[in-house]
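Model the full assembly from the supplied sequences, consistent with the hints where possible.
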Amino acid sequence: MALIEFVDVGVSYRRRGGGETVALERTSLTIANGEFICIVGPSGCGKTTMLHCLDGLHTPTSGRILIDGREITAPGRDRAMVFQSASLMPWRTVVRNVTYGLELHGVPLREAIPRAQAMIELVGLVGFEDRHPGELSGGMQQRVNLARALVIDPEVILLDEPFAALDAQTRELMQTELLRVWDETKKTAVFITHQISEAVYLADRVVVMSARPGRVKAIVPVPIPRPRPASARRDPHMFEIESEVAALIDGMPTENVAV
Amino acid sequence: MTQLTQTSAGLVTDDIPLPRNPVERRGFFGSRRVTELISIIAGLALWEVAARFLIHNTAFLAPPSLVAVRAWQMIGDGTLLYNGWVSLQELIIGFVLGVVVGIAIGAAMVQWKLVDNALEVWISALYAAPIVALAPILIIWFGFGTSSKVAVVFIMVVFPMIISTQAGLESVDRRLLLVARSFCGSRWKTFRTVALPSAAPFIVSGMRQSVGRALVGVVVGELFGAKAGLGNVITTASSVFDMPTLFVAVVTLALAGVILTGILRSFELRLAAWRDVA
Numbered sequence: 001m002a003l004i005e006f007v008d009v010g011v012s013y014r015r016r017g018g019g020e021t022v023a024l025e026r027t028s029l030t031i032a033n034g035e036f037i038c039i040v041g042p043s044g045c046g047k048t049t050m051l052h053c054l055d056g057l058h059t060p061t062s063g064r065i066l067i068d069g070r071e072i073t074a075p076g077r078d079r080a081m082v083f084q085s086a087s088l089m090p091w092r093t094v095v096r097n098v099t100y101g102l103e104l105h106g107v108p109l110r111e112a113i114p115r116a117q118a119m120i121e122l123v124g125l126v127g128f129e130d131r132h133p134g135e136l137s138g139g140m141q142q143r144v145n146l147a148r149a150l151v152i153d154p155e156v157i158l159l160d161e162p163f164a165a166l167d168a169q170t171r172e173l174m175q176t177e178l179l180r181v182w183d184e185t186k187k188t189a190v191f192i193t194h195q196i197s198e199a200v201y202l203a204d205r206v207v208v209m210s211a212r213p214g215r216v217k218a219i220v221p222v223p224i225p226r227p228r229p230a231s232a233r234r235d236p237h238m239f240e241i242e243s244e245v246a247a248l249i250d251g252m253p254t255e256n257v258a259v
Numbered sequence: 001m002t003q004l005t006q007t008s009a010g011l012v013t014d015d016i017p018l019p020r021n022p023v024e025r026r027g028f029f030g031s032r033r034v035t036e037l038i039s040i041i042a043g044l045a046l047w048e049v050a051a052r053f054l055i056h057n058t059a060f061l062a063p064p065s066l067v068a069v070r071a072w073q074m075i076g077d078g079t080l081l082y083n084g085w086v087s088l089q090e091l092i093i094g095f096v097l098g099v100v101v102g103i104a105i106g107a108a109m110v111q112w113k114l115v116d117n118a119l120e121v122w123i124s125a126l127y128a129a130p131i132v133a134l135a136p137i138l139i140i141w142f143g144f145g146t147s148s149k150v151a152v153v154f155i156m157v158v159f160p161m162i163i164s165t166q167a168g169l170e171s172v173d174r175r176l177l178l179v180a181r182s183f184c185g186s187r188w189k190t191f192r193t194v195a196l197p198s199a200a201p202f203i204v205s206g207m208r209q210s211v212g213r214a215l216v217g218v219v220v221g222e223l224f225g226a227k228a229g230l231g232n233v234i235t236t237a238s239s240v241f242d243m244p245t246l247f248v249a250v251v252t253l254a255l256a257g258v259i260l261t262g263i264l265r266s267f268e269l270r271l272a273a274w275r276d277v278a
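Going down the list, the protein sequences come from chains A and B.
At position 162 of the first sequence the residue is numbered 162 (this note's numbering), and the sequence of numbers has no breaks.
At position 112 of the second sequence the residue is numbered 112 (this note's numbering), and the sequence of numbers has no breaks.
Bear in mind the hints are in silico, worked out from the structure with no lab data behind them.
Mixed in with the good hints, there may be bad ones.
Said to hold, decoys possible - If you only want the chain A side, here are some residues facing chain B, beta carbon under 7 Å, derived:
no., residue
1, ILE72
2, PRO75
3, SER85
4, TRP91
5, GLY101
6, LEU104
7, GLU177
As the list claims (entries may be wrong) - Beta-carbon label-pair distances, calculated as ranges:
no., chain 1, residue 1, chain 2, residue 2, range
8, A, LYS217, B, LEU119, 24 to 34 Å
9, B, ILE93, A, GLU71, 53 to 63 Å
10, A, PRO90, B, ARG187, 14 to 24 Å
11, A, ARG77, B, GLY145, 47 to 57 Å
12, A, GLY18, B, GLN209, 41 to 51 Å
Even for Gly, the Cβ is constructed at its ideal location relative to N, Cα and C.
Written as structure tokens, this is what we have:
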């Protein structure tokens, strides 16, 4: 059964001084339960807008987004977002940053802390529980960001270019780590990126967006078996799919698309 | 030399050969505590010399030795403690009220645009004005007792607290507000877990700056009419040219200012600890 459905979703912003910017135009997309979807496209293709609408942070101007047939109108406990900048509370320790979502949901700390501890183990941050975010590297901060989303045990996990600010090596390591964690939890995942190799390595299907106005240009399946260890990156099949996606993007303004 | 530097930096038990902060290691005269101590001693000596050999008249300037003797007497007969306690009570009640009301008004102004639009002009006018000039009116309204001084301290503290609370709440990282919203945070929980902690360093820094204003408020309030308190001691002493007693009161107030500011400063540093490493 389809878990997430975008039905003719359109988003437009009123520009300051009149006029409208169409961020997303009549977009339809169906995402299956437990599927890992990557949305890739140049900047300005409305991919972050799409994700924010799915989280309920933004209401579409037209169309509907459904989860299990229910329309999304606000943020809910069935979804959790991994933000682009780690967006951790600098005054909270690692463990209390991970418990943050649970605290907002009204889970008492004596229950939240053991759950956070388990998630900290899963993302490989044991020993750093009492550090503050300022003492962590960018990669470690993103692990906390991921743990904070996973600990609320959502049905859908939304990731907004979470590794964009990391250096190439850390980035590849984090991608492999993400797949390891995802293999254990099997959440439906929607991952935004502008990097084609990242999208192909992670996804079951890559959604290619075009810019101004943003719309779905093509959907490319990635039939490479899981689990995908780091060595799967050198699978020749992977290269073929990457160039297929790259060819789709080639016709567009490519300022922010990297292979 | 090394030992002295370590002592002055508070690293007596620290056996690590390399100092954590090389800037602190400037030898005997470079260390902060030693310089402070020397400065205090030199200032007192200068004061003593000026009072004994230049002015000669204790009605104009009392030397610190006489002030110390007088202080000892006033501690002995209980007048310093009694009057100090009266002033301290007024100070603390007025300060706490000013801080609490200031934070509440500042927060309301950030939360609701209407409140901001309605109050902004009044607050900037009253903050900038020499509001202590209202003290005589408050004495008339609230009488010679504690409540009029509490009122004076309150109006001295509340305006800087409103402004620092506002500044703190407006400095909140929008991305963190988005995190709270994504995790279904209610308005109140978002305020408590994101806005208030972000604003805390600003609020404590506003409190530290308000301490001086609060002390001025107490003394001015007592100058215009009081039955007791350090300001009252100053008025009484100056009317009979009793300089030693006057200085005892002034020095006590200065010490109170230093201690209260120090407490809030250490509080501020602890709150901002996560900022240093960030």
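Under 7 Å, Cβ to Cβ, is where A:LEU104 needs to be relative to chain B, so tell me if that hint holds or is violated.
Holds. Min distance 4 Å.
For the hint 53 to 63 Å, verify it against the beta carbon of B:ILE93 and that of A:GLU71.
55 Å, holds
Holds or violated: is there a CB of chain B closer than 7 Å to the CB of A:PRO75?
5 Å, holds
Taking 24 to 34 Å as the hint, is the beta-carbon distance of A:LYS217 and B:LEU119 inside that range?
Given about 52 Å between the Cβ atoms, the range is violated.
Quick check on A:SER85 please, does its C-beta sit within 7 Å of some C-beta on chain B?
6 Å, holds
Identify whether the interface hint at A:TRP91 stands, where standing means a beta carbon of chain B within less than 7 Å of its own.
Check passed: Cβ of A:TRP91 comes within 5 Å of chain B, closer than 7 Å.
Does A:ILE72 pass the interface check with chain B, least Cβ-Cβ distance below 7 Å?
13 Å, violated
Assessment of proposed distance window 41 to 51 Å (beta carbons of A:GLY18, B:GLN209)
Holds - the Cβ-Cβ distance for A:GLY18 and B:GLN209, about 45 Å, lies within 41 to 51 Å.
Taking the beta carbons of A:PRO90 and B:ARG187, is their distance inside 14 to 24 Å?
At roughly 22 Å between Cβ atoms, B:ARG187 and A:PRO90 fall inside 14 to 24 Å, so the hint holds.
Range hint 47 to 57 Å (beta carbons of A:ARG77 and B:GLY145) holds or violated
56 Å, holds
For the hint on A:GLY101, just tell me whether its beta-carbon gets within less than 7 Å of chain B.
4 Å, holds
Less than 7 Å between beta-carbons is the criterion; does A:GLU177 satisfy it with respect to chain B?
With a closest approach of 21 Å, the A:GLU177 hint is violated.
Of the hints listed earlier, those the structure fails to meet are numbers 1, 7 and 8, in rising order.
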